[in-house]
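Protein chains in written order, with the working numbering: chain H, 1 to 123; chain E, 1001 to 1169; chain A, 2001 to 2348.
Heads up, a few of these hints could be off.
[Said to hold, decoys possible] A few chain E positions that, by computed beta-carbon distances, are all more than 10 Å from chain H:
1. 1102
2. 1108
3. 1140
[What the hints assert, rightly or not] Here are the computed lysine-lysine pairs in the DSSO-like style, where the Cα-Cα straight-line distance is at most 30 Å:
4. 2320/A / 2303/A
5. 46/H / 2040/A
6. 86/H / 2320/A
Since the hints were made in silico from the structure, they are not lab data. Positions of the beta carbon are idealized from the N, C-alpha and C atoms, including for glycine.
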Amino acid sequence: MMEVKTRPRITDGALLVLLAVFTAVSPRLLPAGAVGDRVLVQAGGKEWGVPLLEDGRREVPGPLGPAVLVVESGSARLQNAPCPLKICERMGPIRRAGEVIVCLPNRIVVKVPGREVVDAVTR
Amino acid sequence: MRSPARLTTMAMLVAGAFALASLERVLPNPFPMIRLGLGNIMTLVAFGTLGVSGGVWVTAGRVGLVALLWGGLFSPATVLSAAGGAASLLVMVPLLLTGRFSFYGISMGGAYAHILGQLAVATLLYVRSAGLMALLPFMGAAAIATGILNAWVAGKLLARYPGGSGSRV
Amino acid sequence: MMTDTAPGPALGEPRLSLPLCILLTAVLALTGCGEPRPYKETRFMMGTLVEVSVYAPEKAAVQAVSRAFDRMAQLERVAHAGHEDSPLARLRRGEAVVLEGDLARILEAGMAVARASSGAFDPAMGELVDLWGLSMDRPRRPSDGEIGEALARKAGLALPSGACCPGGAPVWMDLGGVAKGYAVDMAVELLVDAGVASGVVNAGGDLRTFGRRPGRGIWKIGIQDPDSPQELAGVLQVGQLSVATSGDYQRYFEEDGVRYHHILDPATGYPARSGLRSVTVLAPDCVTADALATAVFVLGAEKGMKLLEGWPGAEGVLIKEDGTVLLTGGIGDGIRFERAGKGIRDQG
């Protein structure tokens, strides 16, 4: 019968390095516009990240009043009660790199970071 | 060889793997994307005591039992766990057969293959977008860590097992 | 095979930290190279979100971009009637005003398109825009009478010609749209003068590229799908160029089941119904692209295509209500357009 070592050997170290390097470069192997794992929120002169992996509702401050960022099954949308035309509500949900929700009156930007397919979008 | 002792050991390890996998499901998990993969400890011990086929049977037994008692036969959870189990065996068995890797290498390779297999199947069957791979940095790092942890635990267990080869190193 | 009996190091002993060092070095090396990334900054101004992204060393980029934003902020003040002493506010009171500098150039560019489009683009729509509440996000459907009166007043006024406005009748100008295009042009001019090699200035979809994009050489500009805000209807590949889009999906409101969008037909005073959903115009400068896009949207496919074909250096991508896409003759020759299926962003 085969014997198995229970103490780490140098080959294990080599495998560790290989796997660690692969893990580190894996984001670069993703295609542009891939589904992201978080969004960046810009509001009130600050920017912060919100993970897309857990569902939840968070308040986002705005000059017209708080909006609500809803994360649901891996995508984000904005519920913006104080905003008159509610354009931003129609812009969601977003999940892929480069997708963005902009609320002009309430000055909120929600964006999925990552490599984008295009340099700019005309709309 | 199908000795009663061998069968008893295997049954014990399958039961242990099932218990550990169940424990993991019951415990609260702050990071749903990360599994410790504790069931794999028993697969490693089986490799050490029963050889290659033992590890294969223990993995298959664990996946089957978890499917029957927790998940429903063809639920996504079962399909993903089977995919992960198969992928980890596909990596662990060759690593074992080369004879050049310890529990640590086998366990890390298995854990990494497990998440790769799951992500691949989830992408092909359920999400249909390459975006799940965005989770790789996160899950890959976790797989390396849990792989090391499981190898350590499996080594301790094997040292206490009277017929284990680990005690003779 | 199993002759290696020398006990390996236990976890946490020095041997395993060597791989960790190699790993750290590898990660550092890998994050240092790869595809060049632009320096990006966004600000809310001119009633939209303006994004400036440039390829330049960070320190130089920060300075140049900040000056570009300052220039656009200054133009925003010039082109708004908000200030009591501003030339536009004085025009609105019927005073005689001499238009100079930036304002004169904005008006000149707008008037050129107004003449060529027989008034389909009209810089004197201020009262109607106000009536519909579109500039202030307080939309309402004005009565037919209100619209008629505003149209009559607009018809009666002498549009300013050249740099000089005679005074007498009040002229209520709305230069918001074209001023945005002009601000983009000026920001690009400033960035180029500051030595920035390449970049994009995008004011809510009115954009201008300059220089060669590092990596692929050409710029990829997505055209938003009118039916779904996160999809692209197609992708343009351009060199240095300005691109602007007018669409009925950008800003609209619904009242009593009727949908009213924000592009008013100067002839009727109501939202234009020309069978088009979106018009994207490519032109050497952004102020012209902007005015042309509005004019073509109001004119409709047939007359709009003629206007574009006759305008030197202008090209267009028109999306009709039935989803058909019309391209002007120059596209395919230097400028490429790829139509997208849904989910284009999933493709590399």
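Hints versus structure:
A cut-off of 10 Å between C-beta atoms contradicts the statement that residue 1102/E is not in contact with chain H; the least separation is 4 Å. Non-interface call for residue 1108/E relative to chain H: violated, since the shortest CB-CB distance, roughly 6 Å, does not exceed 10 Å. Against chain H, the non-interface label of residue 1140/E is violated: not every CB pair exceeds 10 Å, the least being about 3 Å. For the suggested pair residue 2320/A and residue 2303/A, the alpha carbons sit about 13 Å apart, so the restraint of at most 30 Å is met.
A hinted pair counts as satisfied when its Cα atoms are at most 30 Å apart, and residue 46/H with residue 2040/A qualifies at roughly 15 Å. Using a Cα cut-off of 30 Å, the hinted pair residue 86/H and residue 2320/A holds, with the two alpha carbons roughly 25 Å apart.
Hints 1, 2, 3, counting from the list given before, are not met by this structure.
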